[in-house]
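Chains as they are written, first to last, in the working numbering: chain A, 145 to 932; chain B, 461 to 628; chain C, 1079 to 1372.
Keep in mind that the hints were calculated from the coordinates and are not lab data. Be a bit skeptical, because a hint or two may be false.
The calculated SDA-like cross-link candidates involving lysine to any residue, where the alpha carbons are at most 20 Å apart (straight line), are [unchecked claim]:
#1 A:242 / A:770
#2 C:1250 / A:145
#3 C:1264 / A:154
Simulated restraints on C-beta separations [said to hold, decoys possible]:
#4 B:542 / C:1258: 45 to 51 Å
#5 B:571 / C:1355: 16 to 22 Å
#6 C:1197 / A:902: 51 to 57 Å
#7 C:1258 / A:507: 45 to 51 Å
#8 B:571 / A:566: 41 to 47 Å
#9 C:1355 / B:504: 40 to 46 Å
Sample of chain B residues lacking proximity to chain C, with all beta carbon distances greater than 10 Å (derived) [what the hints assert, rightly or not]:
#10 499
#11 523
#12 544
Yeah, the Cβ is synthetic: ideal placement off N, Cα and C, and Gly gets one too.
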Amino acid sequence: MRGTLRWARADLRARRGQALLTVGVIAGVVAALLIATMLLQGALNPWQQLFARTRGADVLIYFQNGTNTSELSSLPGVQAVGRPYQAASATLEQGPVKSPVQLRALTPVLPAMSAPLVVAGTWLRASQRDGAVLEASFAQAVHVGVGARILVDGIDGTTVWMQVIGIADTADQGFYPQWTPGLIWVQPGLLRQVEPNPSETQEVVGLRLDDSSAVATSQVVQTIWNLYNGPTENSAVERYSTWQQVQNSMASNDRLLGLLLALFGIIALLAAPCAIANVTAGRVLMQRQDIAMLKALGFTPGQVVRMLLAEQTALGAAGAALGLVAARIVTSSEFLRPPDGSPVGLAPLSGSWLALIGVGTVLTVALATVIPAWWAGTVSPIAAVQPSPPRGHLSLIARLGLLVHLPAALVLGARDCLTRRLPALLTVFGLAIPMVMITIALTCWSTIDGFTRDPARIGLAAAVTVSQGGLPSRQALALIGHDDQVLAYYPSAEFDTLLPGANGTFVARAMGYSWRPYPFQVVQGRMFHAANEAVAGQGFLDLMHIGVGAWISPTIDGVPVILHIVGRTLEPDNNGDVLDFGLDALRDAGSAPPQLMYSLVLKPGVSAAAARTQLLRASHDQLDVQLAANPASGLGVMQVVIAVSVIVLAVIALANLLTATAVGLRDHRHEVGVLKAMGLTPRQVMATLVVNATILTAIGVTSGILAGLVIAPRLINMQGQTSGIGSGIAAGLSALTIAEILAVALAIAAAASLFLARHTTWMADSAQLHSPTRPSRPRAHASSLRNP
Amino acid sequence: MRQPLLALLAKEPAHGYELKLALEQIFGQAYPSPNIGQVYVTLKRLEQDGLVCSQDVAQTTRPNKRVYELTPAGREALRAWVDEPIDGPRIRDEFFIKLVLAPMAGLADRMALMNSQRRHYLSLMRRLTELQADADSADTAARLLIEGAILHLQADLDWLERCQEELV
Amino acid sequence: MSRSAPKGLPWPPKDSPPARGFRGDGEGGTGKRIPRPGGVRRGDRARPPEAALLRTSGLVKVYRADGVSVEAVRGVDIEVAIGEFVAIMGPSGSGKSTLLHVLGGLEPATSGEIWLRGQRVDGLSTAGWAILRRRHVGFVFQFFNLLSNMTVADNVELPALLAGATARQARKRREELLAELGLADKAGAAPARLSGGEQQRVALARALANEPSLLLADEPTGNLDSSNTRDVLRLLRRAHDRGQAILMVTHDARVASLADRVINLFDGMVADDAAIVPGPRGVNGVRDVLELRG
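Using the sequences and the accompanying hints, generate a full structural model.
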């Protein structure tokens, strides 16, 4: 044990750089994993962060105005009671569109509990009595920004103009429109203007509980309910909301995002142990003689294995700890917070998550070390005294190369790749695996990029949907038809429909006509061309357990329709549970003409927002214009995650390259002397080493990219399929991108090996020639005639 | 004995006893110490050959001593000796002949011959290393002589090994 | 023999042979070395078998590579008594080093028996051999093979620590050894900074750290000049005087002539095995050397 410790200590001291590299790689992987998880958790479930940052209330109770709430603080389980405030229902009026809102009366001084978090503009100011602060998701949904003037209608018809001075986040309720009404914070005076009748207002009290578990929360709520809504008819508690409800409401059910998280977890989990195994294997290769000597001294194979395992695991633990600290520093800074205040952010990870990642990393490191450590355990002690003779000879090709006067460095460098197979294999694998991951990551990136740049590719040809709103349909149609920004428009109607013979619903959507169908992205089969034909999303096909070619007979809008599914579309809406057909299919089936909407395909270069503005202006705000939701809009965070992963993977690849090159150079040291003695200039020797490294990098990177190009589309399409959008969403990398990756990788490899090679070559001591080769006869003693 | 005496006389004329002392001083243990009678006999012969000449020098308290001096012919002979290279050490030809012939005669097998020869060499080697360890470190000539003998012996052993590899 | 080194074991091992003390002058190496009268001779059949420290019978080592088998050691029977100094000579490729490696358990024997300290050890596992080596077998190699990552002090202390010594015991032993070898001031140096002779002395100190009863040396002077050779031989002889048996492979007749006995290996078999008898009576002084050369 003591001997083992002594060795490990000396070893770490002697290979400080390599140890630091290992710790760095592990720290990078852990930090990236943590940040990615936090980002994605934040994207999937922003509640936790909002709750923490706004010092949210566990429970909100809406009391009838005038209720005595002083008893609340003495209730068992209640830790703190927030300052009560008034709230009143109202309507936000935007032309024909009316949105339900709740006004909340707060003072310019932010409350201690559930203080809205201002993300744009300012909080309420005493100096601006008509100032209003809108909840962020609501403001986004109604397209209102700071500086806008809004019109709010009271229940009794009072209308009040307000000036939007800020946008804020809150953990009090879920995002609009999943959770209505929208929230507007105003000062008490303004609230009284909108709702002068106190009996129409509510008094809202936030509570912090000692134990915020679901059971305890519901117990407290029950107690309050029983206390205030006793046997009397008068029910003082009008409603309540708990943090669990808010969290559930905010939790995104975007399965695509969740699956991408899983994919990145897998990438990190694969790349990290590969890197560690590579580094350890490289080490064993470099230290073969020392390990053999240890065994000759009396280390058992088990001791050698345990020693390497313990050492690497300790490095792993150090790396994991460092990674945790780094992730904490990065995430606690404002650096990663999106500046637009969108609710996508970082979710602080629970202790168990941190522990899982930490322990998982250490275990992974240990696991990755097992094979090289076992290999070290089997090193024969004889290796200490019998250095394996350098293998290999000039192949026919090499000799041919020299014969036709190819540069010697090129020939010798290339030859090294063949004669030193194990280090060569380590280099190739060490580079190929991160490159596979990088290719997958970049393909994800390019897919997400494709979603936003070319929405038509994922079946989102129309950027804007218009319903006639307050206009007669003829006039609405005329307005759309005359808009110079519109390339094409397609009438459509949507029906929530029961699944035939199954529980659940799907969306039946008539878009365009069978002779002029909406430009769906059909990835399997063909587009419908007849009234009795339809196409469907992957989600629908999965729900029905059918494939393209099936006949179905759903009852749509009360009328049974018989349809032949002739194709599968990429369907980003409604988890892909969508059936599309022409309007003529409904007409033929005999159903009443439905209320139509129009899906507008815009001319290239026209932004959806501009088109909306123009249509609203043309119709004097009479048309109802909605922007199409792009599933990639929530994936912006994925690009951050991908960028981080690519950087970490590149570092891993570089670490592998450096390790492998160092192993190669160590083996080369003797050879360098010989090559020099043979008459190669230092420059040529260096070139030999660089050529060797570059060739190996080229092989590793190319094979990695090739494998990645094969795997990535499959993985992404598999995800597409499970998420309902459907297989076929993956966008491949362009040849240019691939060439760029290759060029960058080769440049880095050449630079790294050049750096290391210079180091080796300039150590031009003749000592390199004194290698342990056994002389056949003892040395003569004549060399020393003098006695000391 | 002839050439060493000539060489000493080339430096300066000397009488017999001085020559004996000089020999002892220069070679130390590395050279068998000559007895004085042998020195005188040798000098006499050199004089007969015309390589040295002598004359008596009178001494007050002792009998006269005979001082010898190199003649031109003697100088010539000395030069010829110095200029002539010495033959290398000869192979132990006797052993070699034994090694080749003994098996033919059915008297002994080669392995046994070589083994006994090696044992003998190793004994000698042990003796030489002991001598070397005992040698006065100031006595350079003696040390060089032993070193030379050891190297020759090592060569003999190496040659024995070659014989073993080739003949067995 | 214990197959593991539990913490409670006494250190140095109690069952190591008693030190015999210095014979002759030992120090300085200039004194006359008296041939060991008690040197065990082959053919001394009256001796009970327990007296042998190391004994092999019918030892065979065959290498198999690419379907070709090479018999490096072909049925070797040798014995080494406690405290005996035996040299192994022979032409290149005669199996000398292989024999030494097999005897130290660095490589497994193909067949045959190896008895060490009265125990049969040829069947030991790799780990069993490793544990045996810690306490009872020291190795010295031609190319020193110091652990490059460790300082000289660590190199010497490692075997003691491995055998269960405390850090303090190991340090004390290391200080003694390095002082004896004249390397006390090099304790903190990296092996690469040392000259060949110094490295070999450190290797020797490392091999002797646990006072093993058997020291296996493979061409320990093969890479040294004559003055370093003399130093290393002096140290070996001192270890020998202390009662450590030495089995040394060498090409150098001068080195071999210091042994009690020389075994000549030829083609994987013992060609000759004989004690070195004291030199010829006739050679009494330096001036006889000239006669010797004839």
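Status of each hint after checking the structure:
1. Using a Cα cut-off of 20 Å, the hinted pair residue 242 (chain A) and residue 770 (chain A) holds, with the two alpha carbons roughly 14 Å apart.
2. The straight-line distance between the Cα atoms of residue 1250 (chain C) and residue 145 (chain A) is roughly 19 Å, inside the 20 Å bound, and the hint therefore holds.
3. For a cut-off of 20 Å, the pair hint linking residue 1264 (chain C) to residue 154 (chain A) stands: about 17 Å separates their Cα positions.
4. Hint check: residue 542 (chain B) to residue 1258 (chain C), Cβ distance near 50 Å, so the stated range 45 to 51 Å holds.
5. For residue 571 (chain B) and residue 1355 (chain C), the Cβ-Cβ distance of about 19 Å falls inside the hinted range of 16 to 22 Å, so the restraint holds.
6. About 55 Å separates the C-beta atoms of residue 1197 (chain C) and residue 902 (chain A), a value consistent with the hinted range of 51 to 57 Å.
7. Distance hint check: the CB atoms of residue 1258 (chain C) and residue 507 (chain A) are about 48 Å apart, consistent with the given range 45 to 51 Å.
8. A beta carbon spacing of about 45 Å between residue 571 (chain B) and residue 566 (chain A) agrees with the range 41 to 47 Å that was offered as a hint.
9. Checking the proposed 40 to 46 Å range against residue 1355 (chain C) and residue 504 (chain B) shows it holds: the Cβ atoms sit about 45 Å from each other.
10. Every Cβ of chain C is farther than 10 Å from the Cβ of residue 499 (chain B); the closest lies at roughly 17 Å, confirming the non-interface assignment.
11. Here residue 523 (chain B) stays apart from chain C, with its beta-carbon at least about 31 Å from theirs, past the 10 Å limit.
12. Against chain C, the non-interface label of residue 544 (chain B) holds: every CB pair exceeds 10 Å, the least being about 19 Å.
Going through the hint list in order, the structure satisfies each hint without exception.
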